[in-house]
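Residue numbers (the working numbering), protein chains in the order written: chain B, 1 to 135; chain Z, 1 to 570; chain A, 1 to 259; chain F, 1 to 438.
Mimicking DSS-like on lysine-lysine, the simulated pairs with C-alpha atoms at most 30 Å apart in a straight line are:
hint	chain 1	residue 1	chain 2	residue 2
1	A	K190	F	K223
2	Z	K540	F	K409
3	A	K247	Z	K417
4	B	K27	F	K409
5	A	K229	A	K182
Interface residues of chain Z toward chain A, partial, derived using beta-carbon atoms under 10 Å:
hint	residue
6	Y72
7	R73
8	P74
9	E75
10	D76
11	L78
12	F79
13	H333
14	L334
15	K335
16	P351
Counterexamples of contact, computed for chain B against chain F with all Cβ distances above 10 Å:
hint	residue
17	T6
18	R46
19	R56
Rather than coming from a laboratory, the hints here were simulated on the basis of the structure.
The beta carbon of each residue, even a glycine, is placed where N, CA and C say it ideally should be.
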Amino acid sequence: MTKNITINLISGRTIQQGVAIEGGKEKANYRTAAGIIELDPTDLKRLGVWKNTNVRVTSPYGNVIVKAIETTQGPHPGVAFIPMGPWANSIVDPNTYSTGMPTFKGTPVTLEVTPNEPIMLGIQLVQKQCGVKSE
Amino acid sequence: MSEYLIKNGHVFDPVQGIKGDKKDIAIKDGKIVDKVGSGAKVIDASGKTVMAGAVEIHAHIAGPKVNLGRIYRPEDKLFSCTPTHGMERMGGGASIPTTFKTGYEYAKMGYTTAMEAAMPPLFARHVHEEIRDTPIIDEGAFPVFGNNWFVLEYLKNQEVENTAAYIAWMLRVTKGYAVKVVNPGGTEAWAWGLNCLSVNDPVPYFDITPAEIVKGLIEANEYLGLPHSMHIHPNNLGNPGCYETTLDTLKLAEGYKAKNTFGREQVMHLTHSQFHSYKGTNWGDFESGAKEITDYVNKNKNITIDTGNVTLDETTTMTADGPFEHHLTGLNHLKWANCDVELETAAGVVPYIYSPNISVCAIQWAIGLEIPLMMKDPMRCYITTDHPNAGPFTRYPRVIKWLMSKKARDTQVNAFKHKDKVLSQTSIGELDREISLYELAQMTRAGPAKSLGLTAICGGLKPGMDADVAVYNFNPDKPVANPDDIETAFSRCAAVFKSGVQVVSNGEIVGTGNKRTLWVNVKVNDNPQVMRDINEKFVKYYSMTQNNYEALGHHFVPNPFALEVDATQA
Amino acid sequence: MKNPPALYLEADNVSPDAFAGKTAAQIAELSVHEGNTTPTLGKYFEVKGDAGATAADTKIVVKGDVKRVKYLGFKMSAGELVIEGTTDLYVGAWMTGGKILAKGDVAAFAATAMKGGELVIEGNAGNYLGAAYRGDWRGMSGGKILVKGDAGSDIGMYMTGGEIVVNGNVDVHAMTHAEGGKLIVKGNAKSKLGGQMVKGTIYVFGNIEVMMPGFKPNGEVELEVEGTKAKFAHFLGDIGERHGKSKGVVVYGNLYKKI
Amino acid sequence: MTKTVTDVICPFCGTLCDDLEVVVSDDGKKLLEVYNACVIGTEKFLHSQSADRVTRPRMHQEDGSWKEVSYDEAVEYTAQMLAKAKKPLMYGWSSTNCEAQSVGNEIAEISRACCDNTAAVCHGTTLIAVQDIGLPTCTLGEVKNRADRVIFWGCNPAHAHPRHMSRYSIFPRGFFTGKGQMSRKLIVVDPRTTDTAKMADVHLQVEQGRDYELLDALRVALKGEWLPDEVAGIPAEKIREAADVLKSGRFGIIFFGMGVTQSISKNHNIDAAIALTKDLNEYTKYSIMPMRGHYNVTGSGEVFAWQFGFPYAVDLSRGFARYNPGDTSSIDLLTRGEIDAMFTIGSDPGAHFPISAVKPIANVPSVCIDPHLTPTSGVSKLHVPVAFNGVECGGNCYRMDNVPIDCRKVVEPPEGMLTDEQFLIKVRDRLKQLKGAA
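Okay, chain B solo, but in the shape it has when bound (with noise of 0.2 Å):
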C-alpha cells in the first residue's frame, strides 16, 4: 500500500549530473541524472514502493515529477536528495534571507507515487513552467 511522505530535501551535484550537462541538456541522459530522487531505503519502504517508480514531489514552492531511486550515499534516512538542475530547482526554496542565496538544501516536500506520470526532459521541464513554446 502506497502512501504520501514528507521529507527534508537537499539538492547537489553528482558525476553522473557533472556528466550529463557537459553531454548536452537537451538529451534524455540529463533526466536519467537530474530527474530523479535519490531516498534512503527506509523511507521507500515508507513510502511503499518498489525503487524506480516515478513520484510527485511538492513543495510550497511548486511541484515535479521524477524518479525515486534507492540511495548509492546512504543511509540518509528522512533525507532525500535531488541532483542540481531544472527538477530539484522546480520546487526548492527561493528564500535568500537577503543573503542573496535561495535555501537550495532543507525544504521539506511531500513524496506522491505516481507511477503513470511522465518525467519530462530539462529544458521543456523549464519552458513548460515558464510559459514559452516549445519546439
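Dock chains Z, A and F against the given chain B, drawing on the hints supplied.
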C-alpha cells in the same frame, strides 16, 4: 608625436642640480630635448613648480593580496565609488582603490612610475593583469625570494651562482623587476605557524638563518648586477624593540659594494623603515628608534631606505609577512586573511585604524617623520606610506606638508590626545628641519630612480630622459601662508606629462599615456643543474606544470619595457 | 504617489536633511532614481507644503503605495518622517538622529549601521534590521528601534550599542557577532540566536527553537524588563567566541529567557 | 598523423587541472582523444565536437521555433537591448576567460547594468563570510606538501571535483607528506554517507541545517568548555574527539562546499568555519578553502574586484559601483522584479536558479551566450552559440585557490564561429555608438 614647451616654471631637478631657477622644459617624441620648434604647444608654468614625474619605490597596488583586500572590504568602498567621467572609468576604494582609480590618483599627484612591492611568483599572471588595467603609470613588480625553497636550499650550501641563475630564470618567467625579501625565513616558518624574529633564528627544516639568506641574496644580486639592489622588509617588523633586529639586518650589508651598470650605489634597500625603528619593551614604554637607525644609515653609504609614513587613517595592512598579520589580528581583532603560497611565500591582510587618540599610532606617525628629517642625504631616503600599510598613497600631499612645514607638524602634535607621550617618546618636537622643494625632488624623483637603476630613464629632466614631467600650482617665491596650501598644491597637478604625452590638465585626466610594464631581462650562462632542479620541483611539489607556470603571454604584458642585463661574464 | 515606476525607486532624498529649507516646488525638483534613469521626485509624488528651515523642524509624511520605494529616511540626522504604507529596503539606513514612524511593513536593511534616533515600525520588519553593512564590524551603535510585528533574520548583526525591541517573533541569527547593545524579543526566537556573540544582552519572553551550544546555563534571575517583572533563565555566551576581560574577569554576552 | 597537445587546462571545475593531454588531427580541426581528465572533463572536450552542435545565433519565435540570424544581427539585438534597458542584469561569467569578463565589465559600465557571476548560487555566501571575518587560506600545493589533517565539510569532491583528492588533498605524496594518504587523517562532515564520507577516518553525520551549531560546538570543545550532551545529532563526546583530532595536526585544511553555503545559516556557516580555522591557528597551522564550482568563477570575482571593487553582485545602475547581496544579487533582483533585461553568458541560470527566479527571464528581452543548448537558451529571446573557452580558445582563468592559469586552445572552432571575447567586443563597440560614448 607632438612637441611641448613648458615655459617659465621654477624647475627643481637634482639630476642636473637645478634648484628652482626659471627654465623652460622642451618635450619632443616622448623625450626631454634641448629645444623644440616654434610649433610646439606651450604650457605656461610661470609661478609654478616643475619637477620630473615622481617615482614610487614601494607600494602594494596590484596582485592577489591587494585584490583580496578589495574583495573582503566592501566597507572600504561604501559611499566612495566614483562614476565614469571624461576619460575616467568608474573607480572606488579608500585604502585599496580599484586599478583604474590607482592609475588616475598617482597621475593626478604627478607620479608616473610605481613599483608593486611584492609579487608572489605563482601569481605573476594576476599581478600583471592588474598592472595592465592600471592606466598611465609605468609599473614594475618585485618577486619575493626570501622564503623561496630553491633559495633556501642553494644558500644553505652557499651556492650563490645557482641562486643567481634561479633569480634570472624567475625574473624572466614572471616579468619581475627586482629581488624582494620579506621576513627572510620567517614566512616559511609561518607555514608551520612559527616565525623567525631575529636574523639568527634557524628556519624550520631548511636549517639556514635569515642572516645567511640576506647575505646570499645580496651576493647573488650583485653577481648578476641587477638595476635595483636586494629590497628588504626585515624580520621582527612592528614590535617594540625591533630596531635592534633592523640594525642586525643592516649590518649584513657591510663590506658589500654595488656592482652594476645602472649607476646604483646601494646593495640593500630597507623598506618602510618606520615599522622597523621601534624601541621599548612593550606598548607601554614604546618609543622611537629613528635616531639609532638613521645614525647607522647616514654612516653607511651602501644602503638606501624609504619611510613608510603613518597617515592617521583607517587603512588595510597587507604583507608577505604572514606571521605579523596573524599577530596584528590578535591585537585589533579585525578580520584576518592569509594565504600561504607553495614553495614560495605567504601573505596576510588585516584592516587597521591609526587613531590620533591612541598613543602608539601617534608615536608611529612621529617616527615616520623623524626618519626623513634625520637623514642627511635625501638621495638615500624616499617618501612612501608602504601603501596601504601605513596609509593610502593618496595621502602623499599630506606627508609632504608635514615634511615641509614645522608648523603643520606642531598643529598635528597638538591635536593628539596623548601629545605629551608623543613628545617624550620621540624627538619630533625638537626637529625644526623643513624639507625644501629640491630635497623633495630628491626624495620622490632622483633618489628612488637612482636606487632602482632607472637614472637614465626617469626621475630627472635631463635631455634624453623620458619626458615624465609634473607641474604644480605652487609658487616657491611666495611664502606659504597656510601649510594646507602645500597639501592642496601637491594633490592635483596643473599638468602632467607621461613619456611626452599630456595625461593630466588642471587635475583632470586628459590622456592615458603609453603605460609600460618594466622588467629586468638577465642573460646568464646555461645552468643545467638549476634547470634540472626547477624541473624536479615542478614534477614533485608544485600544483601546476612548469610549462603553464612559465606561460606569460602578450595579453598579460601588452607593452613591456625590458632593462637588459648581461651576467654571462660575471 | 503617482505614475508608479516600472521598476523600483531609490528615493534617498526623501529625508528632513534633504528637504530642509526648500519650498514644495524645490523639493519636487529633487532627484530620485529608477534603474539608470534620474527623474525628479515631482514625477512620482505630489509635494504639498514647504520644509522647515532646518532638518530638525522638518516633518515629512509619505502617503500612497510606496511598496517599491527604497531608501526613505536614508542618512537622516534630525526631524521626523512618517511613512503611511508598507515600504521597501533601507528605511532609515545610516540614520544618526530624528524619528521615523513606519505604519506598514518595512523590507530588509532598515536602520543599517544606525547611530542614533528612533525608528518605530508598526508592521513587520525585514532581514538585517539594525545590522552592519557588508564587511563592516560596526553595526547599529545607538538609538532605539521598536517593531510591533515580527522581525526577519540577522537583526542586530554586529550590533555595538542601542536597543531593539520586537513585540512579535524573530527569525534566525538575531544578534550574531554582537559586541554590545540590547535586544528584547517579546515573542519567540528561532535557532542560531546570539551566535558568535562577544558582548551585549538578549531577552526572550517566548521560546527559543534551538539553543546555541555555546550558551552555558548560569542560573536564574528575577528581572524587570520593559515593565514585566519575571524569572529568567540566564545563559552566558557565545563561549566558542573570543571574549575580552574587564578587571581580570572574562566578559560574555548575556541571554535571558523568561521562564 | 596526429598531434598531442600537453599541459592542457580542463575548463570544467574549480580544480582547474592543467596536466591534460589532448590528441588532435594534424590540421588541428578535430579533437580525437583526451588523457588525464576525469569523466566530466573528458566529456566536455569530446562533446565540443558533437555533430548536432548549433553554430549560428538564433532568435526564438512565438511558435517556439528558432530562426537563424547572423552574428551582426545578434550584436545589434544585444546592444539595442542593453542601450534601452533601465536596469539590465548581466549574469554568468564563470565559464569564460578573464579577457571576456573584462570586455563584459566595459559593457556593463556603459549600459550601467547589474553584473553578477555564479557565486550568486554557489559561494556568494562564502564571500559574505570572508567580508565579515576574513579567510586564512593557502594554495593547493601547500595542502599537497604539508597537510596531515584534511576536512571536507558539506562537499563531495568524489562527485563534484573528481581529481581534487588525487592531485592535491588526499593521495599525493608531497615534500613533508611522503607517505601520501598514510600521512593524512580525513574528516568528512555531511548529512549523507557520501562517496567522500566513505573514505573518511571520521564521518560526522550532521543533522541537515545544523552545521552552524556543530561548528560552534567544536569551537567550545577546543576550549574544553561545557557542552550539551548532543549537538546537531552528534554526541558531545564524539565532538570532543573530533576537536582533538583537529588540534593534533601540524597543518590542517578545511575544504567546504554547497552543503554549508546553501543550507540555512549560509554565510554564517562559513563565518563559523573560518572562526574555527582561526581558533585552530592558536594551537597549530590551519587553512580553509571553498571548493569553487565553475572553472573560472574565481576569476570573475577577481576581475570584478580589481575593476569595480566587489567580487560579485555589483550594481552599476547609478553610474558607480554598489554592492549588497540581498539587494544587488541576481536571485533577489529577479524574484523582486527589479530588472528589465537579461544578458546571460557562461552559465545556466535556467537550470540552476529556483524556478521563481527563472520565470522573470522569460518575460523580458533576453540574450543567452552559450555554446550549449540549455534551459536558459530555451527561455531566452536570442541564443548566441560561441566557441568553447578552454577548448577552442585560450585565456586566463583562476583556480579555486585563486592561482591564475592561462587556458590553452587545442582545436579550431567550427568555421565562422566567434569566441565570447570577439562577440562582446562587437557588442561593446556598437553600444558605444548607440550611447554616443567615446
